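Enquirer: Each protein sequence line maps, in turn, to chains A and B.
Going by my numbering, the letters in the first sequence line up with residues 14 to 163, in that order.
Going by my numbering, the letters in the second sequence line up with residues 18 to 324, in that order.
No lab work stands behind these hints: they were computed from the structure.
Do not take every clue at face value.
Claimed, not checked - Covered, in the sense of this in silico footprint (three residues per stretch, anywhere, with C-beta under 8 Å from a C-beta of chain A), are these stretches of chain B:
1. 116-125
2. 154-166
Unchecked claim - Here are the simulated lysine-lysine pairs, BS3-like style, with alpha carbons at most 30 Å apart:
3. A:16 to B:49
4. B:96 to B:129
5. A:16 to B:61
6. A:41 to B:148
7. B:148 to A:137
This one's a predicted model, so the numbers in the text were calculated from it and none came from an experiment.
Cβ atoms here follow ideal geometry from the backbone N, Cα and C, with glycine treated the same way.
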Amino acid sequence: MIKPKTMAIPFELFEVQVESPVDFESLKRNRMNLDELMAAQQMVPYFNMLNGPTYVNLVKDFWVRAEVYDLDAAKVEELQAVSKDPSLRGMSRKEMILEPFRQTEIRSAVMGIPITIIEEVIAKACRVAPTTGFFGMSAEIIHCLTASNL
Amino acid sequence: MILKGNSATKLVDIDGHHRMLMKFMTECIFQKGGGSDQPSGDHKLVLYFLSVCDKINLPKYLMHHLCWAIKEGIRGKRKQIPCGRLLSEIFTQGKLLETLRRNKLASDKTLKTTTGKIINGKTLQNMKIIKKFYPNEKDLKESTIQTELIRDFPPLYKERNPEVLAALIAGYVKESGIILDDETPDVPDEAPLRIRGKRAKPDDGSEAAGVQTKKSKKDKSESSNLENIPASAPKRKRGKGESSTTEDVEAQEADDFEQVDPENVIEINSGTSSSFISSDSSELDDSTLSLIRKITKTPQKATKSVP
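Sequences and hints are given; from them, build the entire structure.
Expert: Structure follows, in structure tokens:
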């Protein structure tokens with residue numbers, strides 16, 4: 014059985030945004046040297062990867078069936094299990110015979126094949142180390158930076 | 018530092034290096050849906066770490082951005098799909114493309130292959146950071162060549178049995194009606210018969226050719242070398258006071274042909290209008306005959322009005 018669509022927007026209306034590859038040598042020849050900065054970020058292999066083919070139809074097919082399996086989705090899964098069988102209330106995921114939640118996943122299907130994307134997959138595709146570097150999205154950090162005249 | 022102490026500073030007002038970093042962010046990492054003049058809080062944060070050379074966790078940011086965009090898409094708030102190239106690379110490295118190729122679903126037409134636009138010195142000129150762009154033969158060209166496969170790439174799908182994968186793809190093909198690579202017709206876009214529309218133009222498209230075409234129309238309309246108009250062809254009545262210029266006649270001809278049931282029309286020659294008209298007046302009704310009379314009379318008047 015094919016994974017059902019998760020998005021109500023029709024397939025044709027989606028617009029695939031393709032990342033732009035960067036020619037750092039051309040920028041340098043035109044007085045914009047960003048080598049040091051990109052070397053510090055260790056993002057040169059990522060920018061090299063960007064110069065390649067994008068398969069628009071595959072990406073759209075993936076997207077219309079995509080869903081995020083995160084902590085919230087795992088909790089909803091537990092609530093659904095309890096609503097089906099109230100005797101499961103208060104039990105662990107293992108006792109509910111649910112797979113343990115390990116990490117956030119993007120679940121979808123491409124041309125009928127179910128696939129799962131995790132952070133490690135993205136890191137490998139980007140050719141960068143998966144666990145190093147700063148990550149923050151909290152409102153507090155943004156507030157601090159704004160207050161310190163970003 | 019970047020926004021000169023004012024959080025409301027617009028992108029055009031920051032310096033060239035930071036503008037370029039901002040462009041990397043909005044076009045290479047986290048694509049936005051709308052304009053890029055006012056950066057979001059997340060963009061400002063990442064821009065800060067990029068500019069001070071503090072390493073960011075790129076995979077985490079990309080995962081976060083993709084999850085956010087999917088949730089927005091499910092809510093029906095976002096039609097843009099970010100990271101098209103990254104997702105394509107994941108499909109390639111995860112050997113999904115290889116599986117599709119084995120099952121005849123990997124032609125350029127099926128996949129709709131495209132590439133991103135390169136950011137280079139020309140971009141600096143367009144952004145008015147430099148006045149003149151110096152091109153070089155070593156400048157990067159857009160590539161559609163598939164990258165080499167990475168060893169130990171994490172699996173995208175659990176199923177490894179080729180027969181089960183083929184069955185899943187076959188089920189998808191059946192449900193979606195997608196055409197397999199070897200079933201694509203040789204010339205898919207070429208219609209066998211032209212059944213509607215304006216007459217074909219001459220190949221060279223020159224002025225002289227156009228004049229020649231008008232003359233030949235007149236000749237053909239006067240000649241009796243006409244055949245195959247359907248007997249039931251409907252006709253538009255001309256209103257009072259309408260002049261009969263060449264354009265009017267052509268428009269009426271076009272209208273008439275558009276009203277003809279396409280299934281009853283066979284184009285027999287080079288695509289000129291005369292090809293549709295029968296020479297045998299006994300097969301025609303009164304309205305069609307009056308139309309032919311108008312056509313044969315009109316060009317003489319029209320020649321005077323058109324210099």
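Enquirer: Could you run down the list of hints and mark each one as holding or not?
Expert: A quick look at each hint next to the structure:
For the segment 116-125 of chain B, the stated coverage by chain A is satisfied: 3 residues place a CB nearer than 8 Å to a CB of that chain, which reaches the threshold of 3. Under the rule that three or more residues need a Cβ within less than 8 Å of chain A, the assignment of the segment 154-166 of chain B holds, with 9 such residues. A distance of roughly 28 Å separates the Cα atoms of residue 16 of chain A and residue 49 of chain B; the hinted pair therefore holds under the 30 Å criterion. A hinted pair counts as satisfied when its Cα atoms are at most 30 Å apart, and residue 96 of chain B with residue 129 of chain B qualifies at roughly 18 Å.
For the given pair, residue 16 of chain A sits about 37 Å from residue 61 of chain B by alpha-carbon distance, which is inconsistent with the 30 Å threshold. Among the hinted pairs, residue 41 of chain A with residue 148 of chain B is consistent with the structure: their alpha-carbon atoms are about 15 Å apart, no more than 30 Å. For the suggested pair residue 148 of chain B and residue 137 of chain A, the alpha carbons sit about 39 Å apart, so the restraint of at most 30 Å is broken.
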